[in-house]
Each structure stands twice: as structure tokens, then as C-alpha cells.
Amino acid sequence: MKKMCSEYIIPGMMLAKDVTGLDGSVLLEKGKVLDDKDIKLLIDAGIDYVYVTIKEKEEEERFLLNIAEDYVSKFFMYVNPDSKFVSELFKIVVELVFDGLKKGLELPCEDILRAKHVERMKDLFFKDMGGPEDIVKHELSLASFPDVYFRLKKLLDSGSASAKDIAEVVSSDVALATKLLKLVNSPLFALAKKVTSIEQAVALVGEEELTEVALGLSAIRYFKDIPSELMDMKTFWKHSLSCGIFSKIIASYVKDVNEETMFTAGLLHDVGKLILFKNMPYSTVETLIFARENMVPMVEAEEIVLGFTHTDLSNLIMESWEFPDEIRDIVTHHHSPRGANFKKGAIILQVADNLANAIEVSRGGKYVVPGMNDEDFDELNLPINALRPIVEKHNQLLDTILATIL
Amino acid sequence: MPELSIGKLTLRKTPKMSINEFKELTAFIHDKTGIAIPVRRKYLIENKLGNRLKELHLSSYADYIKYLKFSPKKESEFKKLCELITVNETSFFRDIKQLTVFKNIILPEIIKKREKQGNKELKIWSAGCSTGEEPYTLGIILHEVLKVSIIGWRIQIYATDISPAVLIRARRGIYNQYSLRTTPDHIIEKYFIKQPDGYKIHPKVQKLVNFQLLNITDPKHTKKVPNSDIIFCRNVIIYFDDEVKRRVINNFYDKLKDDGYLFLGYSESIHRISKLFKSQIKPGGIVYIKN
Chain L
5 MKKMCSEYII PGMMLAKDVT GLDGSVLLEK GKVLDDKDIK LLIDAGIDYV
55 YVTIKEKEEE ERFLLNIAED YVSKFFMYVN PDSKFVSELF KIVVELVFDG
105 LKKGLELPCE DILRAKHVER MKDLFFKDMG GPEDIVKHEL SLASFPDVYF
155 RLKKLLDSGS ASAKDIAEVV SSDVALATKL LKLVNSPLFA LAKKVTSIEQ
205 AVALVGEEEL TEVALGLSAI RYFKDIPSEL MDMKTFWKHS LSCGIFSKII
255 ASYVKDVNEE TMFTAGLLHD VGKLILFKNM PYSTVETLIF ARENMVPMVE
305 AEEIVLGFTH TDLSNLIMES WEFPDEIRDI VTHHHSPRGA NFKKGAIILQ
355 VADNLANAIE VSRGGKYVVP GMNDEDFDEL NLPINALRPI VEKHNQLLDT
405 ILATIL
Chain E
103 MPELSIGKLT LRKTPKMSIN EFKELTAFIH DKTGIAIPVR RKYLIENKLG
153 NRLKELHLSS YADYIKYLKF SPKKESEFKK LCELITVNET SFFRDIKQLT
203 VFKNIILPEI IKKREKQGNK ELKIWSAGCS TGEEPYTLGI ILHEVLKVSI
253 IGWRIQIYAT DISPAVLIRA RRGIYNQYSL RTTPDHIIEK YFIKQPDGYK
303 IHPKVQKLVN FQLLNITDPK HTKKVPNSDI IFCRNVIIYF DDEVKRRVIN
353 NFYDKLKDDG YLFLGYSESI HRISKLFKSQ IKPGGIVYIK N
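Protein chains in written order, with the working numbering: chain L, 5 to 410; chain E, 103 to 393.
Read the hints as simulated data drawn from the structure, not as lab findings.
Just so you know, even glycine gets a beta-carbon here, dropped at the ideal spot from N, CA and C.
It cannot be assumed that every hint is accurate.
Unchecked claim - Distance ranges between label pairs, derived from CB positions: (1) Lys78(L) / Gln314(E): 28 to 36 Å; (2) Ile290(E) / Lys21(L): 20 to 28 Å; (3) Asn377(L) / Pro210(E): 53 to 61 Å; (4) Phe180(E) / Asn377(L): 32 to 40 Å; (5) Asn377(L) / Asp344(E): 25 to 33 Å; (6) Lys36(L) / His159(E): 25 to 33 Å.
Stated by the list, open to error - Which residues of chain E face chain L? A partial, calculated answer using Cβ under 10 Å: (7) Ser107; (8) Ile108; (9) Asn153; (10) Gly367; (11) Val389; (12) Lys392; (13) Asn393.
Kindly generate the complete structure, drawing on both the sequences and the hints.
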């Protein structure tokens, strides 16, 4: 017996329990083999889920694979089905969902997107009465960036900071130092030996590299006060970190890109979304709804609903914070790598964002995969069959590292 | 065995649509409905229409376009196309803040005015009403505001949409919990009747609403709409390009009484495209009045 959302039922499944209507009467009886008409009735009547049984083991696998394919297909409706990158991604996600279903994964039923509590939140800007510049200006007037960030930035800009200098600044912020040590000791960095001090970490990872990662981690703190009723910050940072990890792993396959820069870019690639949430919560929900009902990626929904995108905000805010140009450029162009100065980095981040989005489909994510051009993907010289091991490595790392950085 | 099947999976489940086919199809859709579809949604359109091709035993989108234009069944096919390309995620009491502006500010003002004029008549146009949640919500609010005195009023909520399928569901007036996710419990209690297949809207609300199939971009169609005190058109014009938006705004201008109000969706704005209306910021949202 399996609990299953009405929208995922496939004709031929049998009801394991009676389905009752709103008033308690029996709509469909236990034992009924469901056909298209029954399924439509269940959906129209708003029956969220029913219990079904599948007799044969072999038949069950066939059903589950069908369900996985149907479910995952919905999130790939927007992208080019003939792209080799997209096709490979599709297969990987179907397999993840199929494996999950066998182990009892319950695919999420349609649920409530427009949370009631957003209704009382007020946008600070109305459409066409405040552009990205106004939003960022307002944001900057609100709160200051962590002090440790600017001290690190100064060291980075000086170009001659020693391991000792960096260690001194980082260690002045105990929470940051702890996170940084845990992070470099994680399998993501795969260092030869366990590192016990920041100075050692600098020696092994590199001055610039470690400072950039520290910048990224210190930036996260700026956003820690966003009310959780507005958005689930854990989900947000999980996606961000997922992108960071993917970016770093992919960068290890690609020539002339720095893995740590890519990690930090991935970690911060959606900061513009946080600025948006903070200043325009209501419009953000409109955007989420638009994206979902039209099956388009968030960035396209933003363009239509708001008239600008989160990458415009990321660009402006990172400029104001004097983020390293390379990171800002990569973050700004992760949906449009052809306009980037550091094109390879932007492409890597775009691949990482697609991978992260696709993996989230197997974990209940609600947004379509944004897709990308095969020609851009080819610039990385990354063999298509590398995607599977990259995903496996990422999946082993994500949860432990998430606990480290939050 | 499943391993093998996953390797064979393919995302391509429909015929390919050429750029020319896409252009011809979207030009046709734009011409008939005002809806603009950017080229980056080509695959989405392939996916949405792929099943229609299969059902009609057509092998290419070029054939489908011919069918849409010249087949004896072109009218009914066009309606099917509309169902596939228009979206209708909606709920009762969607955008509670804006509805609060309607309930607490605009409606009392108009009621007072009409009472003074000795003309107890109210006409509201819900343009792009989808499956009926918006017009019924407005009907419920009228009942809440006017209470028993509603009997003394002549009220018409004229609700229109271009998709016949959604209108069938709207007229039926039966909803599931998902549609009612933003509705307060005491309102459900008062205005809905539990049935085996869902919540049925109360007849006293239903009789206020008149559903009609209508294209709001076409002045020939909107001519039929009564002159209205209030027009609601939320989350509809966002699908149009500027030129069509302007046309729709003109139609609204013609159909709105001089002291009437226009409500648009929360994140829709017209001040860039038309000077016919001016915006008034109320606590909770923006309303438009004739300039």
C-alpha cells in the first residue's frame, strides 16, 4: 500500500482504501482499479492523496518508473528536449526520483504557495515606482555589512597579505573561524591532512582562495535576520550551498578557473533574491506564483512581473560591497554567460544552478529547470558522462556541509 | 531492467516545431487573444500542444496551424488552444489586501454616492474571471458589506473570460479546498455548501454573477459589457504586449463610469503605457480612476 497524491496516479492502480467525499459519503470504493475518469474526479474534488496498491513487484517498478518520468518531465517542459546536457540531467533526476519512490519517497502534493502570512507584509516599492537602484540604495541605508568582511577585503586588495595577517583577521571572529575550519576540513576540500588553525588552512588552500571563501561566509551573516515567515532561509541557503559545491566540483574539471572563487560565487549567486524578499515580499510572492503557473524559470518571471531580475540586484549590491570583480561578474551573468567577462566561470555557475535545481526536483522542489545552451556547455570541455559522478559527489557532501556553514 | 529503461528515456515526446511554425502560431495567437509568447517558450509550447497533435493525428505543427485556420472545426479548436495556453491558478480571496481596499474604501464610497443619487444599482466587471473565484469573492464581499439591505439593490457582476472550459467550471460553482486556501473559515461556513464533490457556492452569491465568453482585447466584444462602477482585471494584462495592453485599457476606459474604479493585479502597472487613468495609492494597494 502506498500513499499517493491524486495528480500522480496512473490508470491501472487499485485503491487500497475507500475514498470519501467532503460530506463523508463514499466517492470511490476500495478495490476499484482507477481509470482516467476516476483520477479526474479525485483531482476535481480536491482529494489530495489516496492509498493505492500494486500487486506484482515487477509491475510496481514499471508504475514507479512511469510516475518518476511523468513527475520529472513537468519540470523539464521549458527546456530544449534535444539538448544533450538537458537529456542527461533528465535521466539523472528520473533515476533519483525512481530510487526514492522505491524507498518510500512521497512526492509532494500541490500545496499552498501563497502563504497567508505574507498578506500583511508591505512592499517598500511599487512596480515602476522604484527600480533596482532604489532598492539597493534603501538596502544599504538599513544595515552595515559585517566589519570582518571589510577587513578581509582590504587584505585581499593589498595583494601582499601573509597567512598570519589573514589568520589574525579571521580569528578575531570566532564564529567565522570555526565555520571556515570545518569547511576546509570537509571532503569538499579534500586536503591531505586535518587542519587545526586558520594559518595552516591559508597555507594549504592559498591566501586569495581562503580569503574569498571567508568573504562568502561572512556575507551570509548579513542576511541572517530575514524573518523566516518570509522565506525558509534553510531552503535558500541549501540551494546556494548546493550551487557552491557543484561550482567547485565542476571547476576542478575545467582549466583556468579557481575552485574557491567558484565556490564563493555559487554560495552567493542569489543574494539579489534576498534583497528582493526583504524589500518587496509581496511582489516576490506574485513572481513565485507567476513562475509556477506558467512553468517558467524564476528569472523569466521576474523580468515580466517586476521588470528587472535578481541578477540586477546582485550586481548592484555586490558592487556597493566592493566584492571582487570576478565573483560579481560571474554572479551577475549566471543566467546570461555570453555577456560575462569571466565567461567560463559564469557558464560553470549556470551548469551548477541547473544541476542544483534539477536535484531539488527529487527533493520536492517546485520550480522548472532553467536550462542552458549546449554550445555554452561545450566551452567547458566537460564530458557529458562526468555529470553523474559530479552529482553523486555533491549529494554525499551537501547535508554535512550545510550543517557546517549555517 | 529499470536501469536499461532509464538509459532509453527521452524528453522529446512531441514533433519538433520550427522557428517559422512558432512565429506563425504565436502571431495567430497574438492576433486572436492579445497574448504575447516570447520565443524562449518554444519548447513549452511544443509540450503544451504535443498532445493535441497526437489526438488529431497530425504529424507537424504546420498541419496544426492549417487546422486552426481552415478546418471546419477551427472555432472549437481555437477554444481548446486557449485552454492550453492560458493559465488559471486562482483562489478565493486572492490578494486580500486589495480586496480590503475594495471592501473598506471603494465599495462604501460608491454605495453612499448611489444611495444619494437614488439609484441603487451596482455593476462590476470581472475581466479574466477564470474559474469564477474572483467574481464570487466580490459577490461574497457585497453580501458582507450590504448585509440584508442587499435586497434593495440591483447588482450585476459581469464575469468574462476567453476560455470556455474555465467558464463551465465557473458556472458550476463547485470548488475544492485548494481554491479555498486563502478564504477565512467563517466565510466558507456562510457562503459555501458542502457536497460530496466539493464546496458549492451559495445560490444567493451565484445569482449575482453573470458569466460570459468574451475577449477583452476586442472592442467589438467589450461593447456588450454594461457600463460599470468597478472593473477588476487582475493578473491578466501581464500576458499582453504594450500595444495590446493599451487597447485593453482603452476598452476599460470606455466601459467604466466617470466616477468608477479600476483594479489591476498587485504587480501590474499601466502608468508607463497609458495616460487615460491615474493611480491612487490606498493603504493596501493601488486603484485607478479616470484621468
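Hint check: is the beta carbon of Val389(E) less than 10 Å from a beta carbon of chain L?
12 Å, violated
Given a hinted range of 25 to 33 Å, is it respected by the beta-carbon distance of Asn377(L) and Asp344(E)?
29 Å, holds
Take the C-beta atom of Ile290(E) and the C-beta atom of Lys21(L), compute their distance, and say whether it sits inside 20 to 28 Å.
About 26 Å separates the Cβ atoms of Ile290(E) and Lys21(L), which means 20 to 28 Å holds.
Are Asn377(L) and Pro210(E) spaced within 53 to 61 Å by their CB atoms?
55 Å, holds
Taking the Cβ atom of Phe180(E) and the Cβ atom of Asn377(L), is their distance within the range 32 to 40 Å?
34 Å, holds
Hint validity - Ser107(E) Cβ closer than 10 Å to any chain L Cβ
Nearest chain L Cβ about 6 Å off; hint holds.
Between Lys78(L) and Gln314(E), is the Cβ distance one that fits in 28 to 36 Å?
With a Cβ separation near 33 Å, Lys78(L) and Gln314(E) satisfy 28 to 36 Å, so the hint holds.
For the hint on Asn393(E), does the least C-beta distance to chain L fall short of 10 Å?
At about 16 Å, which exceeds the 10 Å cut-off, the nearest Cβ of chain L leaves the hint on Asn393(E) violated.
Please verify that hint: Ile108(E), Cβ, nearest Cβ of chain L, below 10 Å or not.
5 Å, holds
Are Lys36(L) and His159(E) spaced within 25 to 33 Å by their CB atoms?
About 32 Å separates the Cβ atoms of Lys36(L) and His159(E), which means 25 to 33 Å holds.
Chain L contact restraint for Asn153(E) - C-beta distance below 10 Å:
Since the shortest Cβ distance to chain L is 12 Å, the answer is violated.
Go through the hint on Gly367(E) and say holds or violated, using the shortest Cβ distance to chain L against 10 Å.
7 Å, holds
In this structure, the hints that do not hold are numbers 9, 11, 12, 13, in rising order.
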